[in-house]
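S.K.: Listed below are the residues making up each chain.
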Amino acid sequence: MRCFCLLFFALLLASATIALGYKEDPELKQCKHQCEAQKQFGEEKIRTCVQKCEDYVREKQRREHGGGSTTFFEEEDDDLNRRSPIERLRECTKGCDRSKQKERCQSRCQETYEKEKERYEGGGNPVDPEQEYQECRQECRRQSREGGSRRGTSQERCEERCQEQRREREREQPGRREGGGNMYEGREREEEEEERQQQKKQGRENNPYVFEERHFFTGMETQHGRLRILPKFTDRSKLLKGIENYRVAILEAEPQTFIVPNHWDADTLIFVANGRGAVSLMRQERRESFNIKQGDIFRINAGTTAYLINRDSNQKLVLAKLLQPVNTPGQFEAFFGAGGENPESFYTAFSNEILEAAFNTRRDRLQRLFGQQKQGVIIKASEEQVRAMSHHEEGGIWPFGGESKGTFNLYDQRPSHSNEYGQLFEVDSSQFRQLRDLDIAVSLANITQGAMIAPSYNSKSTKITVVVDGEGYFEMACPHISQQQQGAGQRGYEKVSSRLKRGTVVVVPAGHPFVAVASNNQNLQLLCFEVNAYNNEKFTLAGRRNVMNQLEREAKELAFGMPAREVDEIFRNQKEEFFFKGPRQQGGRSDE
Amino acid sequence: MRCFCLLFFALLLASATIALGYKEDPELKQCKHQCEAQKQFGEEKIRTCVQKCEDYVREKQRREHGGGSTTFFEEEDDDLNRRSPIERLRECTKGCDRSKQKERCQSRCQETYEKEKERYEGGGNPVDPEQEYQECRQECRRQSREGGSRRGTSQERCEERCQEQRREREREQPGRREGGGNMYEGREREEEEEERQQQKKQGRENNPYVFEERHFFTGMETQHGRLRILPKFTDRSKLLKGIENYRVAILEAEPQTFIVPNHWDADTLIFVANGRGAVSLMRQERRESFNIKQGDIFRINAGTTAYLINRDSNQKLVLAKLLQPVNTPGQFEAFFGAGGENPESFYTAFSNEILEAAFNTRRDRLQRLFGQQKQGVIIKASEEQVRAMSHHEEGGIWPFGGESKGTFNLYDQRPSHSNEYGQLFEVDSSQFRQLRDLDIAVSLANITQGAMIAPSYNSKSTKITVVVDGEGYFEMACPHISQQQQGAGQRGYEKVSSRLKRGTVVVVPAGHPFVAVASNNQNLQLLCFEVNAYNNEKFTLAGRRNVMNQLEREAKELAFGMPAREVDEIFRNQKEEFFFKGPRQQGGRSDE
Amino acid sequence: MRCFCLLFFALLLASATIALGYKEDPELKQCKHQCEAQKQFGEEKIRTCVQKCEDYVREKQRREHGGGSTTFFEEEDDDLNRRSPIERLRECTKGCDRSKQKERCQSRCQETYEKEKERYEGGGNPVDPEQEYQECRQECRRQSREGGSRRGTSQERCEERCQEQRREREREQPGRREGGGNMYEGREREEEEEERQQQKKQGRENNPYVFEERHFFTGMETQHGRLRILPKFTDRSKLLKGIENYRVAILEAEPQTFIVPNHWDADTLIFVANGRGAVSLMRQERRESFNIKQGDIFRINAGTTAYLINRDSNQKLVLAKLLQPVNTPGQFEAFFGAGGENPESFYTAFSNEILEAAFNTRRDRLQRLFGQQKQGVIIKASEEQVRAMSHHEEGGIWPFGGESKGTFNLYDQRPSHSNEYGQLFEVDSSQFRQLRDLDIAVSLANITQGAMIAPSYNSKSTKITVVVDGEGYFEMACPHISQQQQGAGQRGYEKVSSRLKRGTVVVVPAGHPFVAVASNNQNLQLLCFEVNAYNNEKFTLAGRRNVMNQLEREAKELAFGMPAREVDEIFRNQKEEFFFKGPRQQGGRSDE
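Line by line, the protein sequences are chains A, B and C. Under the numbering used here, the first residue of the first sequence carries the number 1, and numbering increases by one thereafter. Under the numbering used here, the first residue of the second sequence carries the number 1, and numbering increases by one thereafter. Under the numbering used here, the first residue of the third sequence carries the number 1, and numbering increases by one thereafter.
Keep in mind that the hints were calculated from the coordinates and are not lab data. Mixed in with the good hints, there may be bad ones.
Some chain C residues close to chain B (C-beta under 10 Å, calculated; not the full set) [stated by the list, open to error]:
#1 Arg283
#2 Thr304
#3 Thr305
#4 Asn327
#5 Thr361
#6 Ala533
#7 Arg553
Away from chain C, derived, C-beta distances all over 12 Å, residues of chain A [to be verified]:
#8 Phe73
#9 Glu74
#10 Arg286
#11 Ser313
#12 Arg362
#13 Ser429
#14 Ser430
#15 Tyr473
#16 Asn520
#17 Ala533
#18 Arg544
#19 Glu552
Note that CB positions come from ideal geometry on N, CA and C, so glycine has one too.
Using the sequences provided together with the hints, build the complete structure.
M.R.: Right, here's the structure in full:
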C-alpha cells in the first residue's frame, strides 16, 4: 500500500541518486540532510550548516587518506590501573586470614610476590600481557612490511606466536587479565578460587557492558585489511548470557581489494559503516551480486559462499557484522573453499584419493590448483578486476530494496525522530524481511555535536551498539551489579558509563535506562543491533513523550511523595522529543 | 461458537455478579458453586453444603483480620534432620578409605570435627544458618516495629545484614545448606569434591521439586507488604534446567496500599490469589487501568511501567507471579523511575549534568523531586486516593474479558472437570491471547476436603503449582533421581511427596504421574502454571477415562502378565473422572 | 499438485506392494530399484545387478539368522592406542617442568607410575575399563542364559554392577577414558587440571564427532532385545552444545516379541532400520495402531503411551530413534504404567492408600495386579498374540501416508538424487507434517558399493548420521579443533575421519564439508536426521552442480591465483551429480 503511493516519488529519488553516481561522500550527503532539519532556523543557518558539513568531510578525507589513523578503531589509551607487587602481596596476605592453613597460605603469597617483584624490577615494569602482545604484533607487521618476500602467511604466523605468548602470560597471571584481579591466589581452599572465578563470570567486575579495541582479537589480517572479532559475550560476563549466541566483528579492507570467497556457519547481518563495495552470493544455481555503500545493511545466510570487493580507489570499506552462529552457541568458523595455502582451502583437508575421485582429476593438477593462493584472505585486485566485478545492479534503493534486492539503506529512510539535536533511523522486519527470522531490528542514531539522546529503554530488546563515528560518552542505570543474582531485590542503581569513540561496542540490556552525549566537535553515530526485536517498544524517560506523564495524579503524589503539580512542572520542562540539547550546551534553562 | 451460544447465559450471570457488587467473598461464591455440583444428592445436602461454606468463610475472615497468621505463607515447622558432629566424623572418616592420602584425610576429618563440636556444644546446638537467619530477621522486624522512626529502609538494611550472615555461615558449612550434605570433605582429591558438587547440582538431593517458605527470599518488604521471591530453579537442581527461565514470586500488600510504579525486565503473568485491587499500565501514549479480584489472571509485559493498589479496606491483596525474564535467563530486576531515596529512582544513577539537560531543569529542583520518597515500595494510601484510583472499568467478565480487557477470571469459567470431589478450571491461549507468546496455560484445581485428584500427567508441560489455599499432600512417581543422568535406563520409580499448605510450590515435570489429596478440614486449591503448553495433553491414570483402558486385550495380558479380564476389572472399578473420593474418606469399596 | 498427478501411479504402486504382501525383503526391493537406475547401461547390466542383489540378500539372511553377529552393531576391534606406564611417566615428569612445586609434582608422577606398573605387570596388561566392562557384561549374559531362573532383572542388576565397576575404574584412571589422555596428573596447580577438563569438554580430544558401539550404554536388556542409548552429546564435547537436546537410541527386538507399554518425556522420531512390526499409540479416547516395516519413519509424541511388537517370525526389528526431551535438556526417562516388578510400574511408587482410593480397589488385588510382570521390557509373545496385534491398517503407503497415517516410507519415495553410484531419499516437513515442530528432516543415502557421495555441506542443519547398513569410511574438513574457541580465526582445516560400519553414529555440523565412501563389497546406507532443518540448503562442492562454478571469472582468478580457464577445467571434469565413482574404482580418468 504505502509502497504504491510512494512509487513515483521513489522513482524520482532513485533516478536522482543514480544520476549523482555516488560521487558525493555519503556522510556529506547525510550531514546536509540533517541541515535541512534545521530549516526552522532560517536560510542563513542552513547555509552555515552545509558549510560546516563540507569542511568536516574535507578534513575527514584528508585525515583518512593522509596515513594517520589507519584503522576503524581509534587509538586507545591504556587506562588499566596497575597495582604494584607489594600492594598485591598485602592483599594476598589479608586473604589468608580466613584460610585454614594460614601459614602455608602466607608463604605462598610471599613466593608469588618474589617472583613477581623480580619480573617487575627486572623489566622496570610489570609485564602487561596485552601491551607485550601489541608490541609483538607491531614488530610482526614491521617485519612483514620490510621483508617484501615475507608477506601474508608469515606475518600471520608471527602474530599467532604473539597471541600464544599472551595466552601463556595470562595463564601465569590470571588475575591480570581484566586489569583488576588479584594475582596472589595464595588461599588454601580451592572453593575460594572457584568462587572468585564465578564472581568474575557473574560480572562483578566493574563494567561488563563496554568493549573497546583491546577486547577484540584479530581473526585474520593481511597488508590489505583485517577482521577484528569480539569474543563471546559470555566469556566476559555471565550477565550477557541472553546474547550468548550473537557475535560482533568488524571488517576493514583497503581500497581496491578482494575478500576471498568463503562461507560461515553463522547467519550474518552486515552494516556498511564506511566506503563502497560489491558483494556476490553464490546460490546453488545462480549468483546474486549487488553494490553496497555506506548506510546499507544486508545479510549473508549461514552456509552461503560469498565474496566482496572494495570498489573504491580511495576509501576504506568498513563493515560492522552481527553474527548468529548455527552450530555451537556463540561460536563460528569461516570455511574457504577457493584458496590454496593461505587461506588454506578446506578441500586440502580431504585425502588425495578422495579429491581425485571427486574431481575426476589427477593429483598433480589438483595440487597445482590448491597451491597457488598464498596472499591471504584480503588481497589487492587490479583496477580492471574491480571494474568487472562492480557492474552490478544497485541494491536497495528504498522502497524497492529490502525484498527483492539484497540491501536496505538506513540513511535513505525517513528518520523516525528528527530535530536539530539528532536523527534516528530505524528498520525492522516489516521493512526488511531478511531481519525476520533473525529477530533483529537495526537503528542508527546520529546525535548532533554537543547534543544528547533522551534517557530511554527498550522493553524487550537488548541493544548491541557500535560507535560508527564520532566521540562522546554514555551513562546507563544498572541495578547494583553485585546484587544482580538476587533478582528484584536491589536497593538502588549504579551508573555504568564510558567514553565512546569509533569502534566502541556497548551492550544495553532491556529495561535499562540509557543516555548518550555527543562530543562538542563531531556528530556521534551509534549503530544499534536490537536483538530479541519482536514486540519490542522504546520508552523515553524525559521529554515531550514521557512514560511518567501517564501516571494518574494520585500515583504521582504517592510515588514521588510531593504534590502532583510540582512533579508535572518538572516533567514538562523539556519540550523536545528523543534528542535534546546536551549538558554542555545548556545556555539558559526555561525554569531559571 | 461456544461463546455465542453461551452469550445470553453469560450476560445473565454477569449482571447477577455485577448486581452483587462483589460484596460476597469470592471463595464463598465458589464454595457455593461447588455445592450445586452436589445436587444429585438432594436439596438437603446442598443446604448443608452452603451452610458449611458460610461457616468456613466467616471463620476465615475472623482468622484473617484477627491478627493471627498474617502472611500468605503458613508457618513452618523445621523438619530438617540434623546429624551430630560425631555422626559426621564417622561418615567423613569412612570417606577417607578410598583416598590416596588416607592419613592426611583422616586428620582433616578430625580437625573439622573438633571445630564443629566446639560450635555445637558451645551453642548447645549446631548453628543452623537458616534458623539463625530467621531469628535475625525477626529481630529486625521487631526493632522496626518498635522504633517508629526506623522504618522501611533500615529494616531492609537490617535484613540484608542477616542474609549476608547466612551466606557467610553457609560458606563455612557448605554441606549444611540443604540439610543433608556431609560437612567433612576430608578427602584429598578435588575431583571428589567437584563430583559431589556436581551430584548436588544434578539433584541427587532428596527432593528438588518442592519449595516451602524457607526457600523463598524477601525481595522487598515494608510495614505494608512484601515481595517474596523463589530463587532460580537451577540454583536448586540441574534437573530443573528446563524451567530455568521461569521465576515465581508472591506479592502481599496490606489493605489500602499503593505499590510504587516500576518496570521489570521480565514478562509477568499474575494470578490474584486473594483480595481486590486495581492495576495501571503505562503505554507510550496512554494508560490502561482495570480492577482485579480474586481468581483473575493478567499480564504485565516486560518494560511496561505499572502500579497497583489494594483497594480493599480489610483484605490483603495476594498475587502469585510467574516471571519470564528477557535479558539473562532466570534473572530479573525491578526498575523504579518514580521514587526517591527508597525506592531509589534509577534517574538518580545519572550524573547531574545529564539530568539537568534531560529535564531542562535546575539541579536543586531535581534533587528535591528525587529526594522525597523514603517509605519504600509498598506504602499506605489514603481512602480518597484509593477511591480515585479505583474508578476503573471492570476487567475480565467472561466472555467479554480476555481479549479486550486486561484480565481473565478463572472462577468465572465453566470447569472442565467437576464432580462432588472437586473442580478443575482451565485457561489456555485460545481463550486468553496474552498467554500465547508466553506458551503458558493456567489451571486451578479446587479439591474438595478429603478428596483427591486422579493420578495423571502432562504430556509436554511442566506444572509449576502454587498452593493458594488449604492443606493436604501430594505424591509423584519419579524415575530414581540418582539414575536420572543415564536416561531411560532406570529400574524403577521412587515416591516424591510432601505436605502441601498455602504458599508451597511444587514442580511437576512432564510425564511424571502426580496425585494430590486435600486435608479433611478444608478444600485444597492448587494453581498451576503450565509451562511449554503448546500441544500439551493431560493423561489420567485411573478413573473412567484412563489411558490403560485403551490397551488391546493381548497387550494387557502381556504387559501385566495376567488375564486381560482381571486387569479390566480393576481398572474399571473407579467410576469417577479426575476427582475421586480421597483415601481417608473410603467407607466401603465396590469390590468388597 | 504433484500428489494429484502421481495419484494413479501411486495407486498402482500401492496395490502392487500390497499384492506382494511384503514377502520380499525390503532391502532386496530397494536394491533392485537401484538396478533400474542403471538402465542406461543396458539389459545385461540390469540382470547382473539384480542377480547381485539377490545373492547379497540371501547371504545377509544367512548371516542374520545363522547366529553369528546377533546385534545391530557390528563387532568392534579395539583400536585404542595404549601407552605403557613408563611412557606415561615420562610425559608426566615432563609436565612438571612448568609446575611451581616441581619436586612434589615429580614424586606424584613416580607414585602413580608404581601403582600403574603393578597393575600392568600383575595383569600382564593394563586394565582397560572398557574391555573389563565388556567382559563383565558377557559374563552376565552367559550366566543369565544358563541359569534359566535368573532371567531379566538379575541380568540387568549384574550389568549394572559392571557399569559401576567401569565408572569406578575410570575415576581411578581419568586419562584413560578417551584412550588418549595422560594418566599422570602430577602437576600441583589445580587450574591446570581444570583447564585440561575444560579442553576435554571443548573437544580438543581428537574426534568428538564419531560414536561407535563402545560409546553407547545399555538402557535396558532382556533375553529378547535391548535398548542401546548414546549419552548426551555434550557429555562428549562442548562443541556439540547445539544438539544437546537430541539423543540417539537403537532398539533391537528379537522375532515375535512385545515391548511393554510406556511413555517417555521426549518426542521421538523413529526409523525402522530392519524388520517388520506394529505400533499402538494410546490417545486419551482411542488407540491408533499401524504396521511398520523397514524404511518407515514415524513419531511418538512425548507422553504418549505406546507399545510395539516385532511381528516377524525370523527377522529382528531394529529401530533407530532420535529423541527430543521435553523436561531437562538432553535428558529423558521412560515411564512404565503397565508392568509389575520388572519393568517396575510407576503405580507402585504411590502409597497404598492412594492406590486403593484411586482404583477404588482393595490393596491385595492391586498388589496382585502390579506383582505379576517380571520378565522385563521386551518379552516373548505367542504367535496368536502377535497375529491379534498385527491386524492393523498399513500405515504410510505414499502418497496417502504422512498426514493421516502414522508412517512415511523413505524407500517408497522418488529419490532426489539417483545415478549408478547411489540414491538419496529425502523427506521434510512439507511431506511429513509430524516433522514440522521437531524442525527435523530425514534423508537416507544409499551409496553403491565402491562409490562415494559428493563432498557437500548443509547450510544450517547439523546431520546426525546413523550407519544402517554396510561399511565404508568418511572424511570431514574441520577448522582446527584446537582453535575452535577463537572463531573465524583459524589458519586451516584438519581432516576428521573414521571407518563406518553398522551402528556407527557421525555428527556433521552445518557448514562442514563431508564425504563418505562405500566399501567395495556392500552398499553403504546412511540415515541422516537433519536437525535445525528450516530453510536448510545442501551445497555440493564437486560435480555438475557445484558452488564454485558460480564464481565470476575474476573471482576465480583472484581466489585461486591462477587463470580462470584452468580452474574451470578442473571443476568441470566431474560430470556426475551427488554420487560419484569412488576412489578405488577409478579406472581411467578423463583428464589422463
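S.K.: Against each hint, give a clear statement of whether it holds in the structure.
M.R.: Status of each hint after checking the structure:
| no. | hint | result |
| --- | --- | --- |
| 1 | Arg283 | 7 Å, holds |
| 2 | Thr304 | 7 Å, holds |
| 3 | Thr305 | 5 Å, holds |
| 4 | Asn327 | 4 Å, holds |
| 5 | Thr361 | 5 Å, holds |
| 6 | Ala533 | 19 Å, violated |
| 7 | Arg553 | 49 Å, violated |
| 8 | Phe73 | 17 Å, holds |
| 9 | Glu74 | 23 Å, holds |
| 10 | Arg286 | 7 Å, violated |
| 11 | Ser313 | 16 Å, holds |
| 12 | Arg362 | 6 Å, violated |
| 13 | Ser429 | 15 Å, holds |
| 14 | Ser430 | 19 Å, holds |
| 15 | Tyr473 | 30 Å, holds |
| 16 | Asn520 | 38 Å, holds |
| 17 | Ala533 | 19 Å, holds |
| 18 | Arg544 | 43 Å, holds |
| 19 | Glu552 | 44 Å, holds |
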